[in-house]
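If you want the building blocks of each chain, they are given just below.
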Amino acid sequence: MSNKTVAGNFFEDFEVGQELRHATPRTVTEGDLALYTALYGSRFALNSSDEFARQLGLGRAPVDDLLAFHLVFGKTVPDVSLNAVANLGYANGRFGVPLFPGDTVTTTSTVTGLKENSNGKTGVVYVNSVGTNQRREVVLDYTRWVMVNKRDHAAPAPETVVPELPESVPADGLSLPDHLDLSAYDTTLAGSPFRWDDYEVGEKIDHVDGMTIEEAEHMLATRLYQNTAKVHFDQYAANSGRFQRRLIYGGHIISLARALSFNGLANACKVLAINAGSHANPTFAGDTIYAYSEVLDTIELPGRTDAGALRVRLVATKDHPAGDFPLKGDDGRYDPAVVLDLDLTVALPR
Amino acid sequence: MSNKTVAGNFFEDFEVGQELRHATPRTVTEGDLALYTALYGSRFALNSSDEFARQLGLGRAPVDDLLAFHLVFGKTVPDVSLNAVANLGYANGRFGVPLFPGDTVTTTSTVTGLKENSNGKTGVVYVNSVGTNQRREVVLDYTRWVMVNKRDHAAPAPETVVPELPESVPADGLSLPDHLDLSAYDTTLAGSPFRWDDYEVGEKIDHVDGMTIEEAEHMLATRLYQNTAKVHFDQYAANSGRFQRRLIYGGHIISLARALSFNGLANACKVLAINAGSHANPTFAGDTIYAYSEVLDTIELPGRTDAGALRVRLVATKDHPAGDFPLKGDDGRYDPAVVLDLDLTVALPR
Amino acid sequence: MSNKTVAGNFFEDFEVGQELRHATPRTVTEGDLALYTALYGSRFALNSSDEFARQLGLGRAPVDDLLAFHLVFGKTVPDVSLNAVANLGYANGRFGVPLFPGDTVTTTSTVTGLKENSNGKTGVVYVNSVGTNQRREVVLDYTRWVMVNKRDHAAPAPETVVPELPESVPADGLSLPDHLDLSAYDTTLAGSPFRWDDYEVGEKIDHVDGMTIEEAEHMLATRLYQNTAKVHFDQYAANSGRFQRRLIYGGHIISLARALSFNGLANACKVLAINAGSHANPTFAGDTIYAYSEVLDTIELPGRTDAGALRVRLVATKDHPAGDFPLKGDDGRYDPAVVLDLDLTVALPR
Chain A
-6 MSNKTVAGNF FEDFEVGQEL RHATPRTVTE GDLALYTALY GSRFALNSSD EFARQLGLGR
54 APVDDLLAFH LVFGKTVPDV SLNAVANLGY ANGRFGVPLF PGDTVTTTST VTGLKENSNG
114 KTGVVYVNSV GTNQRREVVL DYTRWVMVNK RDHAAPAPET VVPELPESVP ADGLSLPDHL
174 DLSAYDTTLA GSPFRWDDYE VGEKIDHVDG MTIEEAEHML ATRLYQNTAK VHFDQYAANS
234 GRFQRRLIYG GHIISLARAL SFNGLANACK VLAINAGSHA NPTFAGDTIY AYSEVLDTIE
294 LPGRTDAGAL RVRLVATKDH PAGDFPLKGD DGRYDPAVVL DLDLTVALPR
Chain B
-6 MSNKTVAGNF FEDFEVGQEL RHATPRTVTE GDLALYTALY GSRFALNSSD EFARQLGLGR
54 APVDDLLAFH LVFGKTVPDV SLNAVANLGY ANGRFGVPLF PGDTVTTTST VTGLKENSNG
114 KTGVVYVNSV GTNQRREVVL DYTRWVMVNK RDHAAPAPET VVPELPESVP ADGLSLPDHL
174 DLSAYDTTLA GSPFRWDDYE VGEKIDHVDG MTIEEAEHML ATRLYQNTAK VHFDQYAANS
234 GRFQRRLIYG GHIISLARAL SFNGLANACK VLAINAGSHA NPTFAGDTIY AYSEVLDTIE
294 LPGRTDAGAL RVRLVATKDH PAGDFPLKGD DGRYDPAVVL DLDLTVALPR
Chain C
-6 MSNKTVAGNF FEDFEVGQEL RHATPRTVTE GDLALYTALY GSRFALNSSD EFARQLGLGR
54 APVDDLLAFH LVFGKTVPDV SLNAVANLGY ANGRFGVPLF PGDTVTTTST VTGLKENSNG
114 KTGVVYVNSV GTNQRREVVL DYTRWVMVNK RDHAAPAPET VVPELPESVP ADGLSLPDHL
174 DLSAYDTTLA GSPFRWDDYE VGEKIDHVDG MTIEEAEHML ATRLYQNTAK VHFDQYAANS
234 GRFQRRLIYG GHIISLARAL SFNGLANACK VLAINAGSHA NPTFAGDTIY AYSEVLDTIE
294 LPGRTDAGAL RVRLVATKDH PAGDFPLKGD DGRYDPAVVL DLDLTVALPR
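Chains A, B and C, in that order, give the protein sequences. Taken in order, the first sequence gives residues -6 to 343; the numbers are from the numbering used here. Taken in order, the second sequence gives residues -6 to 343; the numbers are from the numbering used here. Taken in order, the third sequence gives residues -6 to 343; the numbers are from the numbering used here.
Derived from the structure by calculation, the hints contain no laboratory data. If you're wondering where the values come from, they're calculated on a predicted model, not measured in any experiment. Some hints here could point you the wrong way.
[To be verified] The calculated DSSO-like cross-link candidates involving lysine-lysine, where the alpha carbons are at most 30 Å apart (straight line), are:
id: 1; chain 1: C; residue 1: 197; chain 2: A; residue 2: 143
id: 2; chain 1: B; residue 1: 197; chain 2: C; residue 2: 223
id: 3; chain 1: B; residue 1: 197; chain 2: C; residue 2: -3
id: 4; chain 1: B; residue 1: -3; chain 2: A; residue 2: 321
id: 5; chain 1: B; residue 1: 321; chain 2: A; residue 2: 197
id: 6; chain 1: B; residue 1: 321; chain 2: C; residue 2: 223
id: 7; chain 1: A; residue 1: 321; chain 2: B; residue 2: 223
id: 8; chain 1: A; residue 1: 223; chain 2: C; residue 2: 197
id: 9; chain 1: C; residue 1: 321; chain 2: A; residue 2: -3
id: 10; chain 1: C; residue 1: 321; chain 2: A; residue 2: 223
id: 11; chain 1: C; residue 1: -3; chain 2: B; residue 2: 321
id: 12; chain 1: B; residue 1: 197; chain 2: C; residue 2: 143
id: 13; chain 1: A; residue 1: 197; chain 2: B; residue 2: 223
id: 14; chain 1: B; residue 1: 197; chain 2: A; residue 2: 197
Construct all of the structure, not just a fragment, from the sequences and the given hints.
Here you go:
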C-alpha cells in the first residue's frame, strides 16, 4: 500500500500567512483559444482577431480574461478546495497583463483568513491567489473563500482572522494595458455601436440568447483548466451523493454568461476586475443558461480618454429567460432560477 | 431597460445593393485545425500534414476548405439569418486562396435579391457573401438565400429582384492555387490509388461509414464558427417549438459528409466550388449520418496537367446506410432519409 | 457503381514480411495539446508547461507520449484492424524521440506473424508499427496483434509464424532523451514530493479519482487520432450489434488511466515503454473510470543519475473505485470491473 495519493488539505491544515505554491504550470496555446471559442461561442473581436488586436496596439489577440481566471483558479483546487463544501465568494479580483498564447501561468496562494464554523465540522478559508506569467508579471490577483471540511472535528479552532476586502476594486486598482489603445476601436467589426458613454447606471440589458449545457462540454472545459474537483466528473460517486448529478463548475457558468453578454455589451472588450460573485444555485447538464446585466457604476479610468469602465452585475439564470431580470426574493434569498450573481468591472471604448 | 440587444434584421430591413459588414473578424489557429479533426475525423492528407502540403508547394497545411466556409458563413448569421425561417439554397460558391493558421477572416455581404412571399409574412433574401483574409485576398465568395420573417406583415413588398446565378461554377471560375502542384502527390500517403482519370460520370460511391452525432458535438462546432442561430443551442426554447429538439447546423452535416467521403474520394484534396445545396431534412442529436457521392461531371482545369476537377453530388442520409443511394421520390420530394444534397466541385491529382 | 471504397484487409490479405505504408501523415499542433488536456485533464508538468520543459533541457513542452501512441496507432487501423474482431495485445513498445507541436508523424507497419484460428474463420495478425517524425527519427516502435476475420472461410491457412517478443522492454531498450536532464526537476511545481527512490516493488497506489465518459468525448478523441474503427462511431449499426452500444476505443481508457495516475505518480513524467496490455472488458459511455498502479520493478537507467524507471502495472476499472485493487479471479479471468491491464515503464527524477 502507498500513501502517495494527495487527499487535499483539510481546515486544520491551513494557517494564516501560509504560502501554497500550486502545481502544474500551464502554457497557454492557440488550442486553448479555439477550445474556449467552441465551448462558449464568445465573439469579442479583441479575443477573436489578431488583426483587430494589432489595430489597438497589441501584438496579437490576447486570450479571454476569464480563461486566464480559470487557469489560475484551476491550479488552486488541489491545495485549497479538494475538501471544500462550498465556494463562498470572490473579492478584489484584479486582472493584470493580458495572457497570450505561449505564456506560461503559475499560481501561488497565501492564506489570508480562517474562521471555524460554530458546528465545529467545517471552517472558512480565505486565500489570495496570484497568477503570474513567465516574466513574473501578474496576470490575475484575487481572493476567494471556501468552506472546507475539518479532518478531525475535535481539532481546536484557530484564531479567527477575516481579511479586509474592498466592496469593489477602486478605479486606481484597475489596469488597462498602456499599449492597448481603444481610440482606433472599430465598432462595426466589434458588433455594436454602443460605447462607454452610451450606458447608464441602473440600465438593465437582457442578453436574450440561451445555451443548454451538456455533460461533455462542462467536463471538457473543467479538465482544460486542470481543475480536479471530483464533483464535476464522477457520476458513479454522484449517484450516492446529494444531487445524484455531476455539479457543473461555477466558472463554466461565468464564461457562458460572459459570452452571452456579448449581445448588448459587445464592446465590453476587457474584464478589468471581479469585484464579487456568488454561485447562487447549482447547475447541471441539461440546464439552459440565460443572462442579463445591470450597470452598477460608470467609472472614468485615470489618464485615459479612449476608454472607460463599467461596473456591471452579470446574472445568469437557468431554464428561465432573463427578460424579467430575476435576482432575489423578498426574503433576500436568490430566486431559484438565478445561478450566478457576478460583479464585474469591464472596459469599453469611449 | 435597454435597447442594446441585437434582434437581427427582418425582411423589410434589407434592400438590394445594401452592404453588410459583419462583426467579429476571426483569426484561424492550429486549435481550429485540431478541433475540426476531432469533430469530423477528416483524413485528407493535404489538410492533415504540413510535410504533405510542402511536398505540393504550400508553406504548410491549409485548413479544411469547409472550415473556411463555416467561418465565413457564421459571421453572416447575426445580420442575415437570425430571423430566418429556412436556409433555402447556395449557389456560385468559389473558394479562393487557401486559409492557413494565423490568417484572419472578415466577411462582408451584399444583398443581391429580394422577393416577398405571397403570404405577406416572409420573404426571400439573397446575399452574396465574401470572406477575405488580412491581405484582402478572397477566401470564399458565395451566394445564399434565406426565407426571413417580416417584422410587420403590413409593410409593403419591395420590388422583386432575383439575381442570376449559374447552375454550377464554370471551369474558368475554379481557382486551384498556382503554387499548389499536384504532380508530386503521393497517393499511398493520401490513402487511395484513384486519381481524377479513374472517375467516370454517373459513378456512385457509397462512403460506407456512419457517424452518430451528439448534442455536445454539433454545439461545439457551431460555436467554434461563432454561428449564433438560436435553434442550435437553446433546448428550453426548443421544448415549446416545432421539433422539441435543438436543430443541428446544416453545415455540420456538410462537414461530416465531406469527412465520410474520404473513403472513396481520398484524393479529392481541395474543394473548389459549392455549386448548389439543399438541407433536405433536419437532423438532430442521435442521428447517424451516412454519405454517398455521384460523379456529375469531369472537368479539365485550364492550364493544369497535374490536376483535374470533378463535379460531385454529395448526399448525406440519416439512420439509413447510403448503399441504395436514396435521393428523391417519384413526387420529386426528397426521401425522408436524405438530409443533404450538395453539389460540389473538387480537385484531384491526374 | 464504384469499387473505390476501402473495405480493409482480411486475414488472407496479410503475409509475413509485408510492409504497410499507412495513409494520412499527421502534423501535431498546439491544438492537439489543448484537446488532449480537455479530454483527460492530464496534469504532468512536463507536458503542460513550456517553461518547465525548458528547465529540463527541452525546447518546449513535448506532447503527451500517449498522444503519440494514439496518432501512430490510429493510422494503422484502416489497413490492419478494420475487420478486426478483437485487439489482443501489445508488446515491445518503445518510445523514441519526443513529439513536439509542428512535427509530422508517419506510420509504417510490417506483418511479423500470422496464425489462423482453429475455427477457420479468423486469424491472428502480428504487426510491428513504427511511427517516425519528419526527420525519420523513431517516435514509437511497438507490436500489436489483432484477431481478424477471414473474407473466405475456405481460404487455406498460412504457415503459422509467431514473433518472439520480450516480456518487457529491457533497460537498454529504454530511451530517455539525452538532452532531457531531470536534475533540475522541481517537485513542487510537478505536484508531488515522491521521486524514483521513494517507490518500492509491490507498492500499490489507488489513484482515487473517477472520471465518467460521455459519447461525445470518446468520439472526439478517437476522431482526433483519425482512428476509423466503425464500432466507436455508428450507433445505428450498433443497435443491431452485440452490445447495442458504441464501444469506446481502448486507447481512450489508457489515456484516462494515465491522467488519473497523476495522483500518486505525478513525477512519472515520461512513458518509456508499453510492455504489454489487455483491454480486459469493454467500456461504454456512462461508465466511470478509476485506476490504480502497482510497481512491478525499479530499473536503473544506464548512464543516468538524474532519472530512474519504474515498471508499473496500470489498471483501470469501471463503476468500481480502485481501492481494493481488483485484477483477476481465482479462475484467472479478469474481474468484470477491470477494463484495462497495462504494463508500462515510466521515468521519474531521482
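Comparing the hints with the structure gives:
1. 197/C with 143/A: This hinted pair holds, its Cα atoms lying about 27 Å apart.
2. 197/B with 223/C: Given pair residue 197/B, residue 223/C holds - Cα atoms ~22 Å apart, limit 30 Å.
3. 197/B with -3/C: Answer holds: residue 197/B to residue -3/C is near 10 Å, not above 30 Å.
4. -3/B with 321/A: holds (24 Å)
5. 321/B with 197/A: violated (51 Å)
6. 321/B with 223/C: holds (28 Å)
7. 321/A with 223/B: Roughly 28 Å between the alpha carbons, so the hint for residue 321/A and residue 223/B holds.
8. 223/A with 197/C: holds (22 Å)
9. 321/C with -3/A: holds (24 Å)
10. 321/C with 223/A: Status holds; Cα separation ~28 Å.
11. -3/C with 321/B: holds (24 Å)
12. 197/B with 143/C: holds (27 Å)
13. 197/A with 223/B: Measuring from Cα to Cα gives roughly 22 Å; hence the hint holds.
14. 197/B with 197/A: Measuring from Cα to Cα gives roughly 57 Å; hence the hint is violated.
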